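Colleague: Please model the complete structure; the sequences and the hints are all you need to start from.
Which chain is which? The protein sequence lines are A and B, in order.
Under this note's numbering, the first residue of the first sequence is numbered 1, with each subsequent residue one higher.
Under this note's numbering, the first residue of the second sequence is numbered 1, with each subsequent residue one higher.
Accuracy of the hints is not assured; some may be wrong.
[Stated by the list, open to error] Heads up, simulated DSSO-like pairs for lysine-lysine below, C-alpha to C-alpha not over 30 Å straight-line:
{"#": "1", "chain 1": "A", "residue 1": "Lys110", "chain 2": "B", "residue 2": "Lys426"}
{"#": "2", "chain 1": "A", "residue 1": "Lys122", "chain 2": "B", "residue 2": "Lys257"}
{"#": "3", "chain 1": "B", "residue 1": "Lys141", "chain 2": "A", "residue 2": "Lys110"}
{"#": "4", "chain 1": "B", "residue 1": "Lys43", "chain 2": "A", "residue 2": "Lys110"}
{"#": "5", "chain 1": "A", "residue 1": "Lys122", "chain 2": "B", "residue 2": "Lys43"}
{"#": "6", "chain 1": "B", "residue 1": "Lys141", "chain 2": "A", "residue 2": "Lys76"}
{"#": "7", "chain 1": "B", "residue 1": "Lys468", "chain 2": "B", "residue 2": "Lys43"}
{"#": "8", "chain 1": "A", "residue 1": "Lys42", "chain 2": "B", "residue 2": "Lys141"}
{"#": "9", "chain 1": "B", "residue 1": "Lys141", "chain 2": "A", "residue 2": "Lys46"}
{"#": "10", "chain 1": "A", "residue 1": "Lys110", "chain 2": "B", "residue 2": "Lys425"}
{"#": "11", "chain 1": "B", "residue 1": "Lys153", "chain 2": "A", "residue 2": "Lys76"}
{"#": "12", "chain 1": "A", "residue 1": "Lys42", "chain 2": "A", "residue 2": "Lys76"}
{"#": "13", "chain 1": "A", "residue 1": "Lys110", "chain 2": "B", "residue 2": "Lys416"}
[As the list claims (entries may be wrong)] Here are a few chain B residues that face chain A, going by a calculated C-beta distance under 10 Å:
{"#": "14", "residue": "Asp44"}
{"#": "15", "residue": "Ser46"}
{"#": "16", "residue": "His70"}
{"#": "17", "residue": "Gln71"}
{"#": "18", "residue": "Cys132"}
{"#": "19", "residue": "Ser137"}
{"#": "20", "residue": "Gln197"}
{"#": "21", "residue": "His206"}
{"#": "22", "residue": "Gly244"}
{"#": "23", "residue": "Gln246"}
{"#": "24", "residue": "Val252"}
{"#": "25", "residue": "Arg269"}
{"#": "26", "residue": "Ala272"}
{"#": "27", "residue": "Ala413"}
{"#": "28", "residue": "Glu444"}
{"#": "29", "residue": "Gly480"}
Everything labelled a hint here was simulated from the structure, so no lab data went into it.
For clarity, every value in this text was computed on a predicted model and none was experimentally measured.
The beta carbon of each residue, even a glycine, is placed where N, CA and C say it ideally should be.
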Amino acid sequence: MAAFEILEHPADIGFRAFGATLPELFANAATAMLSIACDLEKVAPKAEYPIAATGSDYESLLVNWLSEVLYWFDGKRIALREFRVTRLEPDRIRALARGEPRNAGRHRSKLIVKAVTWHQLKIAQTPGGWAAEVYLDI
Amino acid sequence: MPAEIHVEALDTLRYRIPRDERRGMRTDVVVYASPALMDHIRKDLSLEQAMNVATLPGIAGPSLAMPDIHQGYGFPIGGVAAMDASDGVVSPGGVGFDINCGVRLVRTTLSAADVRPKLRELINQIFRDVPCGAGGSGFIKIGPRELEQVLVKGAGWMVENGYGEERDTRFAEAGGALEGADPTAVSARAKERGTPQLGTLGSGNHFLEVQYVEEIHDEAAARAFGLSAAQVVVLIHSGSRGLGHQVCTDYVAEMNKVMPRYGISLPDRQLACCPIRAPEGQAYLGAMCAAANFAWANRQGILHFLRGAFRRIFGDSARLDLIYDVCHNIAKRERYEVEGRKRDLLVHRKGATRAFPAGHREIPAGYRHVGQPVFVPGSMGTASWVLAGAEGAMQETFGSVCHGAGRLMSRTAVRKGRDARLETKKLEEAGILVRSETRDGILEELPEAYKNVDEVIEVVHNAGLARKVARLRPIGVIKG
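Modeller: Written out as structure tokens, the structure reads:
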């Protein structure tokens, strides 16, 4: 099963992420978002960073988790490529992400992702596990 | 696919979706469009989104859609919604993630014939001097104390610190700084994201275009704005960068949390809002003003670097003067007559430009007799427009008009079967040099992805919302 696929939107861009389990779904969603922002193959998983978020249900948790990952990328300037979710409950997530500080030469941006939106946000159970749809503001 | 929506044609420029079309709508939706544009508009979810906006508590007058409307998230892009200042709501999504995304137009003392022979040199120089910020940061280094000042003083701080000329702040909406900015309402993360990005263009649909005046439609207004045929001008389209994006992210999350407390339930969580008078509403407005001021400072920084690039290529004889600076993602306190009664309103403009008519006291003295300058960028490689605000906007659209051409094709659709190098060459053959920092920037913003900007302008001109002043043609484009 592919980890994610890209979805169309008239002005912006989205993705559909998959996971056999919910922790895998949340990890793949983060990878999907960052793959839109930069070329993940150029990111070396040199260091490990702990990332956490809270929410009031799985939907708000997903938006807040992805917003947190985007903050690490755009605010703390860390390029991340591998996510391992260590704890997931409907109101909190903890994960370890591997990556390295952003380097303007090696990590050329594909698109600058402004934010994670609630537009048509979906998390659903599928025969193979879980799927989520998220749209990003570009 | 969008659901079938019953739309009434009021005339050949105005359409209405009556409030009884769907339960929960508190007011009508009014769309400004030609029959041809209406066919495009019906293809995405923008009408659905304009109807959702009509459900917001305290909305005054109709939920408005400009002819460049297209599907956004929560609010449509190209929408205007006025909320009653005492019992209405404020919605961060109704302003957008890019708070005070806007456009400034700069006139030069050069003609197209002066610039053409050195165009490649000029575009390369601008590309070096005006960072897009895709790599992470720009050239302006400020610390936390300077940032606080930027958030309060906007473009004025930049001018005080050597990034511009005194007159620059007089020729911007609100003088390049909104009152009421509250830096303490801006999160540490928003400040962290924004600080290194001051003076950078960004990516997506942001750009800097070297253009020339192709046609003058209103001599008196063109003269007032200092525009003449064949003159070279530069259009800068950028916003509040990561700082504004994070402010919106923070407050959408906050409002989703507190909405139940205020008894608000909505058809789309991206519309998250709260009463203007609530502490969370006031905090958002303080943060929004701060982010708006950051955006004006950002565009001011870009102008400063642009001046340097022109000086390096053309020497000191080339002068660059700011004509005006307008924002198209903002919420502002303004007063309008609604159903015969003067009311204080919070006008949300999401992809819409303020367009005050002649005589309005907020227009700089030199322009007051012709109306506020409005800039409408078209797609890369087609045309942009200079308009002047007209009386119709005050009567019908809370002093607002369109902000662009409006997208027609998705980013993925326009990329299909196209090659960035080939498309760059095609534009070059058409007389337009393009440089882009991000790999996919050029393809996703190709002219084919947008509606025809001339059709959009025709609607607002004929509806009496704004008058055509000049049509501008690009010759060089810097893309984020």
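Colleague: So, for every hint listed, does it hold in this structure?
Modeller: Here is how each hint holds up against the structure:
1. A:Lys110 / B:Lys426: Status holds; Cα separation ~22 Å.
2. A:Lys122 / B:Lys257: Within the cut-off at roughly 19 Å; holds.
3. B:Lys141 / A:Lys110: holds (25 Å)
4. B:Lys43 / A:Lys110: holds (28 Å)
5. A:Lys122 / B:Lys43: It holds: about 22 Å lies between the C-alpha atoms, which stays within 30 Å.
6. B:Lys141 / A:Lys76: Judged against 30 Å, a Cα distance of about 16 Å means the pair holds.
7. B:Lys468 / B:Lys43: holds (28 Å)
8. A:Lys42 / B:Lys141: holds (28 Å)
9. B:Lys141 / A:Lys46: holds (28 Å)
10. A:Lys110 / B:Lys425: holds (21 Å)
11. B:Lys153 / A:Lys76: holds (26 Å)
12. A:Lys42 / A:Lys76: At roughly 18 Å apart (the allowed maximum being 30 Å), Lys76 of chain A and Lys42 of chain A satisfy the hint.
13. A:Lys110 / B:Lys416: Holds, because 16 Å separates the two Cα atoms, which is no more than 30 Å.
14. Asp44: Hint holds; Asp44 of chain B Cβ to chain A Cβ min 5 Å, cut 10 Å.
15. Ser46: holds (8 Å)
16. His70: holds (5 Å)
17. Gln71: The hint holds - Gln71 of chain B has a Cβ within 10 Å of chain A, the shortest such distance being about 5 Å.
18. Cys132: holds (8 Å)
19. Ser137: This hint holds: Ser137 of chain B lies near chain A, its Cβ roughly 8 Å from the closest one there, short of 10 Å.
20. Gln197: The hint holds - Gln197 of chain B has a Cβ within 10 Å of chain A, the shortest such distance being about 9 Å.
21. His206: Holds. Min distance 9 Å.
22. Gly244: Given a least distance of 8 Å, the restraint on Gly244 of chain B holds.
23. Gln246: OK, holds: Gln246 of chain B within 10 Å of chain A, min 7 Å.
24. Val252: holds (7 Å)
25. Arg269: With a minimum Cβ separation of about 4 Å from chain A (threshold 10 Å), the hint on Arg269 of chain B holds.
26. Ala272: At 8 Å from the nearest chain A Cβ, Ala272 of chain B passes the 10 Å test, so the hint holds.
27. Ala413: holds (6 Å)
28. Glu444: holds (8 Å)
29. Gly480: Gly480 of chain B check passes; min Cβ-Cβ to chain A is 7 Å, inside 10 Å.
Going through the hint list in order, the structure satisfies each hint without exception.
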